[in-house]
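Hey, can you work out the whole structure from these sequences and the hints?
Chains as they are written, first to last, in full-length UniProt numbering: chain A, 1 to 667; chain B, 1 to 248.
What the hints contain is simulated information worked out from the structure, not anything from laboratory work. Honestly, I wouldn't trust all of these hints.
[As the list claims (entries may be wrong)] If you want the ones that stay clear, here's a sample from chain B, every Cβ over 10 Å from chain A, calculated:
1. G64
2. G94
3. I114
[Unchecked claim] Listed below are the simulated BS3-like cross-link pairs for lysine-lysine, each with C-alpha atoms no more than 27 Å apart in a straight line:
4. B/K171 <-> B/K79
5. A/K533 <-> B/K247
6. B/K148 <-> A/K393
We put the beta carbon where it would ideally sit given N, CA and C, even for glycine.
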Amino acid sequence: MSVLDSKIPKGPLAEKWTNHKNNINLVNPANKRNIDVIVIGTGLAGGAAAATLAELGYNVKTFCYQDSPRRAHSIAAQGGINASKNYQGDGDSDYRLFYDTVKGGDYRSREGNVYRLAEVSGNIIDQCVAQGVPFAREYGGYLDNRSFGGVLVSRTFYAKGQTGQQLLLGAYSAMNRQINRGKIKPYNRHEMMDLVLVDGKARGIIARDMITGEIERHSAHAVVLASGGYGNVFFLSTNAMGSNVTAAWRAHRKGAYFANPCYTQIHPTCIPVSGDHQSKLTLMSESLRNDGRIWVPKKEEDAKAIREGKKKPTELSEEDRDYYLERRYPAFGNLVPRDVASRAAKERCDAGYGVNKTGQAVYLDFASAIERYGKEKAFTAGHKNPTKEEITKLGKEVVASKYGNLFDMYIKIVDQNPYETPMMIYPAVHYTMGGLWVDYNLETTIPGCYATGEANFSDHGANRLGASALMQGLADGYFVLPYTIGDYLSKDIRTGAIPTDSPEFEETEKAVKERIDKMMNADGTKSVDSYHKELGLIMWNKCGMARNAEGLKEAIEEIAALREDFWKNVKIPGSATAKNAELEKAGRVADFLELGELFAKDALHREESCGGHFREEYQTKEGEALRDDENFKYVAAWEYKGKPADAVLHKEDLVFENIELKTRSYK
Amino acid sequence: MKLTLKIWRQENATAEGKMVDYPVDGIDGDMSFLEMLDILNEQLVEKGEDTVEFDHDCREGICGSCSLQINGEPHGPDKLIATCQLHMRSFKDGDTIYIEPFRAKAFPVIKDLIVDRTAFDRIQQAWGYVSVNTSGNTVDANTIPIEKEKADESFNAATCIGCGACVAACKNASAMLFTSAKVSQYALLPQGRVEATERVQAMVRQMDEEGFGNCSNTGACEIECPKGISLENIARMNREYLAASVKG
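Written as structure tokens, this is what we have:
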């Protein structure tokens, strides 16, 4: 086991990034023209990085599996993006955003990285506004804010429930500007199949053209992986159907350490599972918790009657409702962090108070928000004695203006009207805090291979706060990576173009083709989806919201057996040299079947509860997560050794110089 | 419920396509339309037949990948949704459903129900952006106050998901609604005004080069748009284009 060097610059926290930028090497503009960079993924982290790198003068190639960079899954982020602008004058600052993020992550993130994130957050908003991103505004013309979980200020900028869409279209527009200049060459409907190392450095990739099936070689002086998270290892998640771990996992197999794979965010407010046919889960933005109140029936018999369809939630009086988050966490109430809210929902449902036919749902109720807003609206319009009908009508209008698109999505899926009856929600897999280990420069343990956004592990510890993923993606892409990668590339100004006819490209391409052939020739009987679903069930039941040693050990064995079966019995119709959706899925599921096992191994080794990682053996009397700072205050970075079972653990000790480690409390 | 699906099958861009019948059974009203196709594909895998290829990704109506012409309508019978948000409760037992790709000269078929919509990308590459550097030296965001109404209108135009339903709905396969939504987003904001003249000219030129048809004001695009992008945007683009032409 080695000790990992995070390369955090020395000096006071607030000066680290500035000092670092002053001291790293730059590449002169004429030399940048001779340097190529490959970017995998075109979401916020990849799109922003590609645009900025091209603007600086590098030659950029982008790769995405979608038909257009604009469709990367960042587009589905709903609620907002944090920035420590303190426009509301409510006491926000870089330090407070930094503090909230480290605390929210249950003290399992790196101080230096998180402070830098907070420091550049304000600039992201400036940048996006300059690009023409239409954020929500107040009547005075200035930007509006709202609150998200785990904080006591309003620092979230938003564009209705479509903030991710607007930010991604902003990054995509910046990409378009560079595509038009010829500085970015986009390879859409292309999937990265493997990373190519030359002399131990990342020097290119093998990609598959998803339309023709052709296997291609692409070289560069550095490779940036901005390929997102691995939530789809659970099969059911809020991720897009195509979201996958392949790019990151292929890099892992080539030497990039994989950090904290067990840190997964189970988001508390998603539309509950309705049946076996379901292919994905849909998020209802955390922003709804600004106004919605979460409850279950106080009496078990009421919950039972509701499940059986004999009672309606609206028939229950206030006294018969248990607003359990407000009860348990009076200081933060409905705005506790996601991990806390999810576990609390599970606790109530497991205790028999859940609703929906399945008993696996709680209510998110807007009745009191409708009344509050309605009164305010009537009052400001001069109606000092409004009728109840008037209040309800006006209140619904206000709620519709804030969350209309989310309510519409809910109505389409559930076929119930949340303006009239409370929404039903349940936690679902949403985001993965774990990812490729990177140092302060966002470089993985493979020289020249960088990881940004959700693909890396660095900023969110064991739990991510709402509206911080968009912040991190854009911070990495626009403002961090373009600086730090220059330091590395400054050594490549005399290298010249990397040839693709080297033995390293030859061998990697051969291995990719053999793997595809092996899959196509398995000629078994089971579909790729059937394996994916089976894996998802193991993950959800044994590596989900609550984990224990026994279950994790079973999961490790079951996943290894499933993987073996996959390679023998999977069935993929069609051809490898044409568009083939089953083959695309098979490659991804094969990698999930390896990652899943490492995930369980990581969860088993971490004998503590922190953030999204809750081990039943380690909890307080009140059922809160019980951290063990003495033994587990480190990043677990796994080195690939052939099989997940043989992965070797490397530790990066987390040093807290500016924040005192405390038990997280939101009470 | 039991359904008969009539699906367009086409092996690749150059092959000839045809409609093929597929019966499906055990479809539940709570399933989404794409989940119904998942079930069909699962059956095809079992038989060792090629699955029906269709574009899809987020399955919550925001990425704009899905693109089916269902019973002659882009994204099917329901309004203001993409195909992935269509649920089987909109159909009834015994129905026959026609499923085809979006049809337009500028959207050639790649395979089965997948079409090539890169023409939309090229229209945006032409000038669908504000020429500002992304390296972080812009003014503070609140130094550019924008009337709420204008900002909201710009946002509404910017919610276009680029799915191409407007083109598929139009008898002329015109891309005016799509292009005008992009032009409008920027035309309504002070940040976008600086290059408004060049932008509208470049984007309209590219749109014409891609082979999209003309707009004859039938309004079909607005009716079929899953995001409710308004025809007002087309009017705005025409005004912008006229003003730009006068300026030269």
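Taking the hints in turn, this is what the structure says about them:
1. Interface exclusion of B/G64 from chain A breaks down, the closest Cβ pair being 6 Å apart, not more than 10 Å.
2. No beta-carbon of chain A comes within 10 Å of the beta-carbon of B/G94; the shortest separation is about 20 Å.
3. The claim that B/I114 is not at the interface with chain A is violated, since a C-beta of that chain comes within 10 Å of its own (minimum 7 Å).
4. Our distance criterion of 27 Å between C-alpha atoms is met by B/K171 and B/K79, whose separation comes to about 19 Å.
5. Only pairs whose Cα atoms come within 27 Å are accepted, and A/K533 paired with B/K247 is rejected, the gap being roughly 60 Å.
6. Proposed proximity of B/K148 and A/K393 is supported: the alpha carbons are some 23 Å apart, at most 27 Å.
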